[in-house]
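Chemist: Sequence:
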Amino acid sequence: MPNNIDYTAKGLYKRLLSYSLRYWPLFTTSLVALVFAAVTEPLFASLMKPLIDENFSGQRTEMAKWLPVIIIVLFLVRGLATYINEYCSAKLAGLVVHDLRFDMLSGILRFPNSYFVEQPAGKIISTVSTNVDAVTEAGFNIITVLIRDGAIVIGLMAILLYTNWQLTLICFAILPLIAVGVSVAAKRLNRFAHSAQTSHADLVQSISEVIGAQKIIKIYGAQKVETERFMKSADEIMKSRVKLVATSAANSAIVQWILAVAVAAVVYFAGILAESNSMTAGDFASFMTAMMMLLAPVKRLTNINQQLQKGLAAADNVFRVVDRPIENSSGTHTTDRALGYIEFNQVGLTFPGADAPTLSQINLWVKPGQTVGIVGVSGGGKSTLINLLPRFLDPSSGVVKLDSVDLKQWDLQCLRRQIAVVTQESHLLNDTVRNNIAYGEMRGATDEAILEAARMANALPFIEKLEHGLDTVLGDNGLRLSGGQRQRISIARAFLKNAPILILDEATSALDSEAEREVQEDMERLRHGRTTLVIAHRLSTLTTADFIIVLDQGQLIEQGTHQELLAKQGKYHYLHSIQNQSGENSH
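What the sequence shown shows, in UniProt numbering, is residues 1 to 587, in sequence order.
Hints are computed from structural coordinates only; laboratory data are not their basis. Any given hint could turn out to be false.
As the list claims (entries may be wrong) - Straight line, CA to CA, 30 Å or less: simulated BS3-like cross-link-like pairs of lysine-lysine:
1. LYS224 <-> LYS243
2. LYS232 <-> LYS299
3. LYS571 <-> LYS401
4. LYS14 <-> LYS232
With the sequences and hints as input, model every part of the structure.
Modeler: Pasting the structure below:
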C-alpha cells in the first residue's frame with residue numbers, strides 16, 4: 001500500500017468530499033438550500049424585539065401589522081429549503097455509497113490471492129456493506145450539522161452582539177471551557193469507534209461461518225459453542241457502543257451545564273440593565289430567545305464528535321481497502337487463442353514468513369493437448385502449483401511460461417481467457433441456469449451455444465426437466481441440484497468457454513462412485529483437444545493421462561505414465577496400494 005496516502009481526519013474527509021463533488025450540481029443545490037434553511041432560524045429571534053416592543057407598547061405600528069405575514073413567509077422558505085436539502089442530500093448519499101461500493105468491489109476482485117488469505121470473509125463483507133454506510137451517513141450528517149448549525153450559531157451570535165454586547169461577552173467566556181471538553185472527549189470517542197468497527201467485523205465473520213457450517217454445527221452439537229463465540233463478539237460491540245454513547249453523553253451534559261450557567265448569568269445581569277432602562281422588554285426577549293435557540297445547535301455541534309469519530313474509523317477501513325494495490329498486470333502479450341504449451345523452469349515458491357518453501361525447483365513441460373495428472377499427499381504443493389498458471393500466485397524463483405512466453409509478460413486478462421477451471425466446489429450463483437453456464441465474459445452467448453455446452457456436459461436431460469428450463473433459478477450455490485448435476489453445470493460452463501487450457505482440481509472428489517463415473521465421462525470429452533492439468537485424489541481417474549507427476553513436500557519426485565510409475569515401486573505405487581486396500585476393505 002502506498003506510504004504517502006493521507007489517512008488523517010482531514011485527508012479522509014477530503015477523499016469523501018471528492019466523491020460528493022462528482023455530482024457538484026446536487027452537492028451545491030443541497031448546500032444552498034441548507035444555508036437558506038439555516039438563515040431563517042436567527043431571523044425568528046430578531047423578530048422578537050419588534051413583536052414585543054411594537055405590539056405591546058400601546059400603539060401598533062405599520063411594521064407590527066406585517067409581522068404575521070413575515071412569520072408565514074419565513075416558515076414557507078424554511079420548509080421548502082429543508083425539503084430541497086434533504087432530497088438532494090439523500091440522492092447524493094445514495095450515489096456516493098454506490099460509487100464507494102463499486103470502487104471497493106472492483107478493487108477487491110483484482111486483489112492478489114494473498115489478500116483473501118489474510119482477511120476473513122466477514123471483515124471484507126462488513127467493510128463493503130456496513131462501513132460504507134457508516135462513512136456516508138456520518139459524512140453527510142456532519143456536513144449538515146456543521147453548515148446548518150454553524151450558520152445558525154453565527155447568526156444568533158450576531159443578534160446577541162447587536163442586541164447587547166456586554167451580555168454577549170458572558171456567552172463568549174464559556175467557549176474555551178467547551179473547547180477543552182470536546183477535545184478530551186474526541187480522543188476517547190476515536191478509540192471506542194475503532195473498537196466498535198473491529199468488533200462488528202468479527203460479528204459478521206462469526207455469522208458467516210455459522211451459516212456456512214450449520215450442518216456440521218448440528219451434527220457435532222456445537223450450537224452452544226458457536227452461540228457463546230457469537231455472543232462474545234456481540235458483547236464486545238455492546239461494550240464499545242456503551243462507552244461511545246456514555247462518553248458522548250457526558251461531554252454533552254457538561255457542555256449543557258456550562259451553557260446553563262451562562263444563561264443564569266445573563267438573566268442576572270439583564271435584570272440589572274433593565275433597572276437602569278438600558279434594555280427594553282423586546283431587547284431582553286430577543287436576546288433570551290437567541291440564547292435559548294443557541295442551545296440546540298450547540299448541543300448538536302458538540303455531539304458531532306461521536307459521529308465524526310465513527311465516520312473516521314469507518315472511512316479509514318474503507319479507503320485502506322480502496323487504496324490497496326491490485327494484482328500486477330503490467331504484461332502486454334496477447335493472443336486470440338494460446339496453443340497450450342506450458343513450461344515450469346526451476347520454479348520455487350516460499351510464502352512470506354514460512355520456514356520452508358511450498359514448491360522447490362519444479363521442472364515440467366506439457367505439450368499442447370496433453371493431460372497431466374498431479375498427485376501427492378495433502379500439503380504437497382498440488383494446488384499451489386496449478387495456482388501459478390492463472391497467476392493467482394507468482395513464483396519466488398524460476399519462471400512459468402505459456403507458449404514460450406513468461407506469464408508475467410502476458411496481459412493478465414488475456415492469460416485467464418485461455419484457462420477454464422472445474423473445481424471440487426461448483427461455485428454456482430443464486431441465478432438462472434443460463435447465467436450460471438454463460439458466466440462472466442460469456443454472458444452474451446446464444447441459447448444455442450449454451451444448450452450445446454449443456455449437451456456436451458450431459459446436463460441437458462435434467463435441465464429440460466426443470467420447471468423453467470434455462471430460466472430456472474438454482475438457489476444459493478445451486479442447492480436445488482444434486483452434487484453431480486452441479487458439477488455438470490460447471491463442466492458446461494467450461495465447454496462454453498472453450499479455452500485451450502483446462503484445470504480440473506479434485507473435480508469429482510465430492511461425488512459418490514456412480515456420480516463420479518458419470519461425470520468422469522463428461523470430463524473426458526471436455527479434456528479432448530485441450531492441455532489439461534488434473535489434481536485427483538482417486539488415482540484410478542488418471543489412468544488415461546499422458547503422464548503423471550508426484551509432488552512431495554513441494555518437490556517433483558516422480559514422473560511418468562500410470563503403468564511406468566507403478567513399475568517404479570515408488571511413492572505413486574505406495575499411494576495406489578493404499579487406495580486399493582481401502583477399496584477392498586470397503587467391500
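Chemist: Hints first: check each against the structure and report whether it holds.
Modeler: A quick look at each hint next to the structure:
Distance restraint check for LYS224 and LYS243: the Cα-Cα separation of roughly 28 Å lies within the 30 Å cut-off, and the hinted pair is therefore satisfied. Among the hinted pairs, LYS232 with LYS299 is inconsistent with the structure: their alpha-carbon atoms are about 34 Å apart, more than 30 Å. Pair hint LYS571 plus LYS401 holds up; C-alpha atoms about 28 Å apart against a cutoff of 30 Å. In summary, the hint linking LYS14 to LYS232 is not supported, as the alpha carbons are separated by about 36 Å, beyond the 30 Å threshold.
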